[in-house]
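K.L.:
Starting from the known structure of chain A, fit chain H onto it as the hints suggest.
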Amino acid sequence: MKRSLFFLAACLHLGVAGADDDVMAALGRMQEAVQRLNYQGTLVYFQGGQVQSMHIVHKADDKGEYERLVNLNGPAREVIRSNNVVTCYMPDHKSVLVGERQYNNVLSKLVSNDFSASMNYYQFQAEGLDRVAGLAARRVLIKPRDTFRYGYRLWLDRSNGLLLKSDLLAADGQALEQAMFADITVVDHIPDAMLAPTTASEGFAWFKQDKSAAPAQAEQSAWRIDHLPDGFAITSRFHHPLPDSDAPAEHLIATDGLASVSVYIEKLTGNPKRFVGGSTMGAMNAYGTVVDDHQITVIGEVPGGTVEMIARSVTQAPKGGKR
Amino acid sequence: MTNQFDERISSLLDGELDEQERHQTLTALEKNPELRNRWERYHLASDAIRHNLPAGIDTGFSARVMQALEAEPTVLAPPPVKAVPPTPITKRLAGVAVAASVAAVAVLGVQTLNRDTSLSSPQQMAQLPVVNMASQAVVQVAENPVILSQPIPAQTVRHFDPSLNKYLVDHSQQAARAGIQGVMPYARIVAYPAGNPQEPRQ
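Residue numbers (the numbering used here), protein chains in the order written: chain A, 1 to 323; chain H, 1001 to 1202.
Hints are not guaranteed to be accurate.
What the hints assert, rightly or not - In silico lysine-lysine, BS3-like type, Cα no more than 25 Å apart, as pairs:
id: 1; chain 1: A; residue 1: K273; chain 2: A; residue 2: K94
id: 2; chain 1: H; residue 1: K1166; chain 2: A; residue 2: K208
id: 3; chain 1: A; residue 1: K94; chain 2: H; residue 2: K1031
To be verified - Output of the computed footprint for chain H on chain A, the stretches with three or more beta carbons under 8 Å from beta carbons of chain H:
id: 4; stretch: 68 to 74
id: 5; stretch: 240 to 248
id: 6; stretch: 296 to 310
Don't read these hints as lab results, they were simulated from the structure.
Glycine included, every Cβ here is placed at the ideal spot set by N, Cα and C.
Chain A with its partners taken away, still in its complex shape (with noise of 0.2 Å):
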């Protein structure tokens, strides 16, 4: 106790300089552990009151990373990662997803081990020990320094830096998303077996995004977003079809470096069901607006007030816009 607040007055005198090295140090080891190592175990998810379990396989071999999800409650939905490629399959939904993870240049960095360019807008603080899933944890609490963000509290392996278990705090420091690890094993070799799909997916339909479907150039788009709060840049603007429409999406992507928030825009067409006012699950926060016969959606794991915030400020650049 007296060590964090020693801390944390360090960090307010010092503010960005005072950061904890140790701190850092560990989360950086954190992403590099969470990467590079082969594990599986069991992960328990915990959101809106429910509680549900999923089995998780990490492979990383000279060729990239393999990572595969599966529900062991309702619906197996599943997530099937191989490098970019992310497909889910969703019994529920009788379908399946397959889309490719974009990068570009700003957002390779900001995907960097390094966490020092979120201390301008979150304190990053040692916790001491504890114990999750048999295994010896430090704990690291990162509190927003606005309300523009949630907080986080990180229970790390000590002996490897995996994340062992993670809770998603609001303002007042209640955990809106708890996962946390009952069991978990590093391995040296997960056999691709671990890595195929389990769910019978035949009859589902397949959506596939366009690969061909070029990044929009920004000087294309027509949209602007006025209004992102400090420290949150966008990272990625494509164009791509969500899966129940042929017409692409302009999607941009902003982070702060630890949350992200998706805005999408698409053309109405027709007569088709408006998403307009806020909506929320647990960590994920959505607000939609109608602009120019466009629906706006943003979605991120952020508070409500971001998301709304962000949506009311997207506008049609005037070379483009009828307003």
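P.N.:
Below, chain H alone, put in the same frame as chain A:
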């Protein structure tokens, strides 16, 4: 005797007794628990009538204690002790202990009302020795939130528009590597509530 005593109490409360009468009444109170109870009830009633009850009496307190006890995760509850079957003596002792703590609450309560009206906040009340047990329960719940013990507002589930699921999935697919959250975005895809209760079909 009791009627007479009622009058005495009433007079004592109103400060109408002379030194000797007061002494007699207090001695009687000291010797007779039944009378002492009566005295306490009178005192409370009298204060209530005069609107002298300090804010600290806090009628919602027991409700909150019950709430705290209900919210307390079972893991924190002490395991049932059944090693020694209670002998008549331990039974009797237990009875005494309960009675003693009840009396302590009553006495402390009266003292509070009687002497120390500055002791008025629920926190201050909670610092009184016996009530302290309950306040510890509250603190325990607050400081050791065990998974599942967090109250989650109902709207966090109910208000999510199912038509937003496609955005949730797409955002989680695309934005996963942007942050600190590791596998969490994929966990969200796997775990978002099924849109339709009829649907876990497989």
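K.L.:
Does each hint hold? Answer for all of them.
P.N.:
Here is how each hint holds up against the structure:
no. : hint              : result
1   : A/K273 to A/K94   : 22 Å, holds
2   : H/K1166 to A/K208 : 13 Å, holds
3   : A/K94 to H/K1031  : 81 Å, violated
4   : 68 to 74          : holds (count 4)
5   : 240 to 248        : holds (count 3)
6   : 296 to 310        : holds (count 4)
Against the hints set out earlier in the document, a violation occurs for number 3 only.
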